[in-house]
Each structure stands twice: as structure tokens, then as C-alpha cells.
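Based on these hints, arrange chain B on the given structure of chain A.
These protein sequence lines are chains A and B, in that order. Under this note's numbering, think of the first position of the first sequence as 1, with each following residue one higher. Under this note's numbering, think of the first position of the second sequence as 136, with each following residue one higher.
Keep in mind that the hints were calculated from the coordinates and are not lab data. We put the CB at the ideal spot given by N, CA and C, even for glycine. Treat the hints loosely; a few may be bogus.
[Stated by the list, open to error] With the Cβ distance kept under 10 Å, some of the chain A side facing chain B (calculated, not the full set):
no.	residue
1	Val18
2	Ala38
3	Arg87
4	Ile94
5	Asn97
6	Ser102
7	Ala115
8	Tyr117
[Claimed, not checked] Listed next, the in silico EDC-like pairs over lysine to aspartate or glutamate satisfying Cα-Cα at most 20 Å (straight line):
no.	chain 1	residue 1	chain 2	residue 2
9	A	Lys85	A	Asp112
10	A	Lys85	B	Asp168
11	A	Lys85	B	Asp169
12	B	Lys191	A	Asp104
13	A	Lys85	B	Asp170
14	B	Lys191	A	Glu105
15	B	Lys191	A	Glu84
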Amino acid sequence: MKKKIETTTAITFGVVVVALAAVALLGADGVQTAAMGALGALVLAFTKSITSGDDDDRPPPPASPALMSFAVALLVGACASSLEKPRDYEAELIACNALATSLDESIACENDVRARYRRPLRPVRDAGILEGGLR
Amino acid sequence: VNPLGFLDELPTWAAEGAVGLAVALFRLVRAEDDDARAAALMSAAEATKAALDRRKFPNG
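Just chain A, with the same shape it has in the complex (with noise of 0.2 Å):
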């Protein structure tokens, strides 16, 4: 059984936990449950992580989409529940991305749906942020 953890990772691990706990006991209403979300989460996917490479040498998996779901759905739903107008902004654009057949047609309807809160339209063909970088 091999374990080595390297201790840069081990460190910034460590700091982002403390961080997050530090945000969950001190932070304000919304933003401890978020908090407490993504820490829980943080922590599964560590264990998963540990878990995975215990008996052999094969990299971990990878981290499950129904986990990040699952934070993306904390941080968001928890902080917006005593907020009405994100709850709805956010429900029209999900509805937006599940109704449409190409991205063109979900970004035409998520700047109608941006317009009607003034929000700033999101330019079409998004390049992303980390376009190239980690695909």
C-alpha cells in the first residue's frame, strides 16, 4: 500500500478547509449553509480520493458530476433561498439551457432572460474562461 502525500497539496488542502470553516462558523446566514456545503463536499471527494488509491497504483476517479451538482446546488439554492429575484433569474436560465437545441439558441435565450433583469448580455459563442487550458 502505497500513500504519499505530497505536502504542497496537503497544505493547500488544509488551507482551503480551514478557509471554508473559518466561512461557515463566521460568515453570514446564506453563506454558512454554502460553506458548510462545499466543505462537506470537499471532504467526499477527499475520501473518495484516499479511498480510490489504497490497493494499487491507478489514479483516482474522477471527481463525480453529481457531487459538484450537489455543492453547485448549497452555495446557489442555500444563499438564494431568502432571495427571490436570483431563485427565479437562476430557475429561467436552467430552463433556458434544458429548452434549447444548440448554444446559440441557449445563449439567444439567456440574454432575453438577462435583459428582462438588467443584467449584462452574454456575448454570443462564449470563449469561456479556461478555453485551451484544461480540456
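Chain B in isolation, oriented as in the chain A frame:
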């Protein structure tokens, strides 16, 4: 075992979503009133939508 090893296989859409949500969370933590809080949450919703678009339409 690298505790952050799961990041190696993280899909692009998930990475983008995580970055967008991290920014939104930062804005949310710093928000001083309901308007700022609402704007932060709306940017979180936009980041989520962009990530979902990337996942559903990976080739544009």
C-alpha cells in the same frame, strides 16, 4: 495518493463552473446589502448556466 488527484480528471465545464462559483462566493461573502447579495447570486446562476451550456454543447 494525491489528495487533489481528482482534479486531474475534472471536465472543463466543471472547472469553469467551479471558478465562476468561487468568484460568486467571494462576492457573496463581501456583499454588504441585499442588492449586492442578489447580484452575487445572479452571477453564480450565470456561471452555472455557462457550465451547463459547456457540458450540453461541448462543441458549440
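Hint check:
At a threshold of 10 Å, the smallest CB-CB gap from Val18 (chain A) to chain B is about 14 Å, leaving the interface hint violated. For Ala38 (chain A), the shortest C-beta to C-beta distance to chain B is roughly 8 Å, which falls under 10 Å, so the interface hint holds. Among the interface hints, the one on Arg87 (chain A) holds; its C-beta lies about 8 Å from the nearest C-beta in chain B, closer than the 10 Å criterion. Against a cut-off of 10 Å between C-beta atoms, the interface hint on Ile94 (chain A) holds, since the closest Cβ of chain B lies about 7 Å away.
Taking 10 Å as the C-beta cut-off, the interface hint given for Asn97 (chain A) holds, the closest approach to chain B being about 4 Å. Against a cut-off of 10 Å between C-beta atoms, the interface hint on Ser102 (chain A) holds, since the closest Cβ of chain B lies about 7 Å away. With a least beta-carbon distance of about 13 Å to chain B, the hint placing Ala115 (chain A) at the interface is violated under the 10 Å criterion. Interface hint status for Tyr117 (chain A): upheld, as the beta-carbon distance to the closest one in chain B is roughly 7 Å, under 10 Å.
For a cut-off of 20 Å, the pair hint linking Lys85 (chain A) to Asp112 (chain A) stands: about 16 Å separates their Cα positions. A hinted pair counts as satisfied when its Cα atoms are at most 20 Å apart, and Lys85 (chain A) with Asp168 (chain B) qualifies at roughly 14 Å. In summary, the hint linking Lys85 (chain A) to Asp169 (chain B) is supported, as the alpha carbons are separated by about 11 Å, within the 20 Å threshold. Annotation: proposed proximity of Lys191 (chain B) to Asp104 (chain A) holds, straight-line Cα distance about 12 Å (limit 20 Å).
Under the criterion of a C-alpha separation no larger than 20 Å, the hint pairing Lys85 (chain A) with Asp170 (chain B) is consistent with the structure, at around 10 Å. Annotation: proposed proximity of Lys191 (chain B) to Glu105 (chain A) holds, straight-line Cα distance about 12 Å (limit 20 Å). For the hint pairing Lys191 (chain B) with Glu84 (chain A), the CA-to-CA distance comes to about 27 Å; that exceeds 20 Å, so the pair is violated.
Comparing the model with each numbered hint stated earlier shows that hints 1, 7 and 15 do not hold.
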